[in-house]
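Make one complex out of these two single chains by using the hints.
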Amino acid sequence: MAHEPARPSRGERLGNDAETGALTLGFIPLVDCAPLVVAAEKGFARREGLDLTLMREVSWANIRDRVALGHFDAAHMLGPMPIASSLGLGRPAVAMVAPFSLGLGGNAVTLSLDLFAAMAETAAGDTDQFRRFEPMAVGRALAIVLRDRQAAGHEPPTLAIVHPFSSHNYELRYWLASAGLDPDNEVRLAVLPPSMMVDGMIERQIDGFCAGEPWNSLAVAAGAGVIAVTKSALWRQGPEKVLGLRAEFADRFPEQTAALVRALYEAARWAADPANIGELALLLSDPAYLSTPAAIIESDLRGTLTRVPGTAAEPVADFLVFHEYAANFPWLSHALWFYAQMVRWGHVDHTAAHAETARRVYRPDLYRAALAPIGADLPRASAKVEGALQRPTPVASRLGRMTLGPDGFFDGRLFDPDQLDQYIASFRS
Amino acid sequence: MIEGDYRILVIDDDATRAAMIESGLREAGHTSVTVITEMRQLLRRIVEVDPEVIMIDLGNPNRDVLDEMFQVSRTVRRPVAMFVDQSDRASIEAAIDAGVSAYVVNGLKRDRVKSVLDTAISRFNALNRLRDELDRTKQALQDRKVIDKAKGILMKNRSLSEEDAYALLRTTAMKESRRVAEVAQGLITAMKLLE
Numbered sequence: 001m002a003h004e005p006a007r008p009s010r011g012e013r014l015g016n017d018a019e020t021g022a023l024t025l026g027f028i029p030l031v032d033c034a035p036l037v038v039a040a041e042k043g044f045a046r047r048e049g050l051d052l053t054l055m056r057e058v059s060w061a062n063i064r065d066r067v068a069l070g071h072f073d074a075a076h077m078l079g080p081m082p083i084a085s086s087l088g089l090g091r092p093a094v095a096m097v098a099p100f101s102l103g104l105g106g107n108a109v110t111l112s113l114d115l116f117a118a119m120a121e122t123a124a125g126d127t128d129q130f131r132r133f134e135p136m137a138v139g140r141a142l143a144i145v146l147r148d149r150q151a152a153g154h155e156p157p158t159l160a161i162v163h164p165f166s167s168h169n170y171e172l173r174y175w176l177a178s179a180g181l182d183p184d185n186e187v188r189l190a191v192l193p194p195s196m197m198v199d200g201m202i203e204r205q206i207d208g209f210c211a212g213e214p215w216n217s218l219a220v221a222a223g224a225g226v227i228a229v230t231k232s233a234l235w236r237q238g239p240e241k242v243l244g245l246r247a248e249f250a251d252r253f254p255e256q257t258a259a260l261v262r263a264l265y266e267a268a269r270w271a272a273d274p275a276n277i278g279e280l281a282l283l284l285s286d287p288a289y290l291s292t293p294a295a296i297i298e299s300d301l302r303g304t305l306t307r308v309p310g311t312a313a314e315p316v317a318d319f320l321v322f323h324e325y326a327a328n329f330p331w332l333s334h335a336l337w338f339y340a341q342m343v344r345w346g347h348v349d350h351t352a353a354h355a356e357t358a359r360r361v362y363r364p365d366l367y368r369a370a371l372a373p374i375g376a377d378l379p380r381a382s383a384k385v386e387g388a389l390q391r392p393t394p395v396a397s398r399l400g401r402m403t404l405g406p407d408g409f410f411d412g413r414l415f416d417p418d419q420l421d422q423y424i425a426s427f428r429s
Numbered sequence: 001m002i003e004g005d006y007r008i009l010v011i012d013d014d015a016t017r018a019a020m021i022e023s024g025l026r027e028a029g030h031t032s033v034t035v036i037t038e039m040r041q042l043l044r045r046i047v048e049v050d051p052e053v054i055m056i057d058l059g060n061p062n063r064d065v066l067d068e069m070f071q072v073s074r075t076v077r078r079p080v081a082m083f084v085d086q087s088d089r090a091s092i093e094a095a096i097d098a099g100v101s102a103y104v105v106n107g108l109k110r111d112r113v114k115s116v117l118d119t120a121i122s123r124f125n126a127l128n129r130l131r132d133e134l135d136r137t138k139q140a141l142q143d144r145k146v147i148d149k150a151k152g153i154l155m156k157n158r159s160l161s162e163e164d165a166y167a168l169l170r171t172t173a174m175k176e177s178r179r180v181a182e183v184a185q186g187l188i189t190a191m192k193l194l195e
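Residue numbers (the working numbering), protein chains in the order written: chain U, 1 to 429; chain D, 1 to 195.
What the hints contain is simulated information worked out from the structure, not anything from laboratory work. Even glycine gets a Cβ: it sits at the ideal position worked out from N, Cα and C. Any given hint might turn out to be false.
Stated by the list, open to error - Covered stretches of chain U (in silico footprint by chain D; criterion: 3 or more residues with CB under 8 angstroms from a CB of chain D, positions within the stretch not fixed):
no., region
1, 53-60
2, 65-74
3, 183-193
Next comes chain D alone, as it looks inside the complex (with noise of 0.2 angstroms):
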């Protein structure tokens, strides 16, 4: 047990999301990290964990609920602020800017919490990152089919070479300020509308 071990709560309804930063807190030496998926019955299992630090995803609605217990519910008694520090703008923009925030109990060791909070921001961007790829690669993808479909239909009529239809494609995409998959998804809809 590391000095600062807290009690650490993750309440995220993404599961992949919420194993990543168990498993960065693990890495980073706490031992008492529990993970909530299951937003059923949160607050008995919140009073059951008694967690001095929670860390929850902004888009969970369940944020609301934090509020009325670290604020004026009788159920948790002990003062409870959001983040470290509360004068520390810089770590609540980046937490909010990663989309999580974090739930502290008043008092304890800034450092110490602030690394816990560093590691879930560090995860979450992580994974933002890994999905933003993800989609792009999907995007890509795509794109090159529906390209590739176009330049099929300008080769057959308009008897062009696969280079010349997709220069073609490319000069009406910069003349019309759009993508090129997109004049191509514009071709192909409108030889289904002709057909």
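Same shape as in the complex, but just chain U (with noise of 0.2 angstroms):
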């Protein structure tokens, strides 16, 4: 079972028994946390000798704190923090890895329902586009609804995110800006704490969001506001939460770093197991987790989302896959993304040390070296040409079983890691 962030005193300091294969983990309550909750719950840490204690945490500044201090030993973390943190952005830098990828997607953008509406009425041109979300349709239809709110003397409006370095944000900005929007002009960009997302919308002090589930379906069940896109759409495939951990603390304690991602794995595989799904999504219902109900989870987990209130719900492609597609491979591609949409926004200047840093955080050596030995199969690169992959396509692997899952960014667009100054270049323009 969870427990609620005691206050640790000095003298009972938490995450000192690694030794031992006792570790603290911090989670934020999302489903994407899934893996964690399994591995501590179906008996997969304890066949690798661990002793998990869950801890529930009210916001993702807190995670990266107490992992920071060692109150945690390792955390539920959004990808780009291990990176912001390594880069120390905004605040001392602390070296972190991600030796694991807890999943794929399962984020969405929910806007408001009169901005929704207003959009539906401009979508003429791509009414068949825009029935089936597609995000260059919604975008375009966003775009002319806010042009016009401009015209008209209206203040831009405001989306809500949950940490200025989470996918999230980047997802959200990646999108605006696909559709011809300025991120920081045309729409204010605020951080909100998710529990207050549902809230925001019914008294109109935010327009729309973009957070993990349970929150889209939530703001839906409330009746306040239609999920107008999905992450799957934007970026199919796209990288979302990782385990997270300071480096100092996989250099020390290799072995059960090293049994955390077995762990975490099987974990992983167990969650994806349709057969698992009804246990799970009770599992995660609970209220040392979630608090949610486990209808709402059931359908996130079966990927099919009510996306307009009162209609019914329907399946959505790689909604959020945990395990399928080398989904828990910490691809280097994906963390150079990351690091490029933070130069793309200012949020950190482009060097070859900066880019150096954000290459060493996800450490796919780290996962190779744990999983080798339980026959797992591994992808021979590192890293990928992003948004390649039109189709689900085999790959070079040590077991030669691995199958990549359809990746494109909804833009057309390809990130090529190895020209990532010509990527960035390419946003200047």
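Spelled out as structure tokens, the structure:
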């Protein structure tokens, strides 16, 4: 069972029992914390000689600080967070590593009912694409509505995200920019705790948000918004949360780190098995974890979303991928894409040293070392050209049985990590 | 006005604790203290107050909002850092242990800010201690009620003296490595089932 974050006093400092396999892990109550919960509750950690204590946290800032201070040995982290921490963005640099990806996809952009209604009216040209919630058509409609409102002297709308260094921030900005909108001037991006997003929409403090599940579905269930775009449609098989830990911890406790990666790998495989969806939804719905109705979690796990209040749920391809398509592999190209977005939006200057720091955060070497002994199939490459696969494609792997999923960006762009400078320069024009 | 009388903002939805911190800071001579207990329109309020030091409860999910303001936002242009001195790990640990986090504008005098932080930490700790004591007192009272009831059951059903009834509960608890109150509660539950 998860514990509320106690006030650990000096005498009973958490996280000093790593030697014996007793690890303390922080998490935020989101559907994609599932691999951690499953590892702790379904015996996968115990089988690796680990005794996991899961601590629920209320903010990503707490997660980062408690990992940095050693209160937590590791945590459920936003993909860009260990990179931002290693780069020391806005605070003292603490070198962190991510040896494991907790999954792909799972986020969405929810917009208020009236904003979405206005967009539906202007989408005349691309009605079919708009009805299919294709990001390009939805983005174009949003741009038209916002330009009209600007012309009429309205304030820009406020769209909320959960943390500055989040995939949410970068994917939302990517989508807005592709639709021709300037995310820093034509909308107001603000951070808001996810627990306040639904009320924020109802009270018209915000006009939309980008967050992980269950928050989008809860907003739809409350009749407050429409799920306008899913991350899986913006960037199919796009990276999301990772297991983040201090680099110093991974160096000092390599066996425990490897055991944790193995436990999470087995847990992610269990979580991805359709036969376990009902049990997993019930487990996550517990007050100690998400404290959310199991039916909503179950829809997320099945990849069927109710996008408009009062309508039937519909399937969304690869909405949330826990294990398939090498979902747990920490691709260097994912980390470098986040880095490129940080540069693009002025969060960090592009230098060779910064790029090198970012490149060292995701750790495919630790992933391989942990999983080779249990006969897991491992990709031969550590980075790939993102957005290049149109359909499920077999790739070179240790056992030769690995398939990567279709991974296109909605705007057709490619990201080749070997062409990082050119990619970054392409946004400056 | 004392030297280094900073504009201090306390963000805490626990009004009791916020008031304690505020009074502590005023006693220490700080005159410019603003308290926010209502999280709506938080960003706007922060911009209005334009604080140099912010104290926020770690249990408040709005810490992520502050991260945005102080790291990448273009609404706050001043360089701001978390805590007095980035290398002052002891202060950071003491604050987080107490359950408080601080955001401080870079370039303020370290000693002055540290005294602000220390005041907040000691008030947080004092209130935590008070609440722990209250919890313990409540628990003790509850335990005594349960134990008295269980003793009554034993005295009636097994014709024991009050002293012997308690001794029986205590030895059972010791044998099973449980608290006396837990054994007593078990007995009460079992009796209810038998009734």
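Checked hints:
1. Counting residues of the region 53-60 of chain U whose CB falls under 8 angstroms from any CB of chain D gives 3; the rule of at least 3 is met.
2. By the rule of at least three residues with a Cβ nearer than 8 angstroms to a Cβ of chain D, the coverage given for the region 65-74 of chain U holds, with 4 such residues.
3. Counting residues of the region 183-193 of chain U whose C-beta sits closer than 8 angstroms to any C-beta of chain D gives 5, which meets the bar of three, so the coverage hint holds.
Comparing the model with each numbered hint stated earlier shows that all of them hold.
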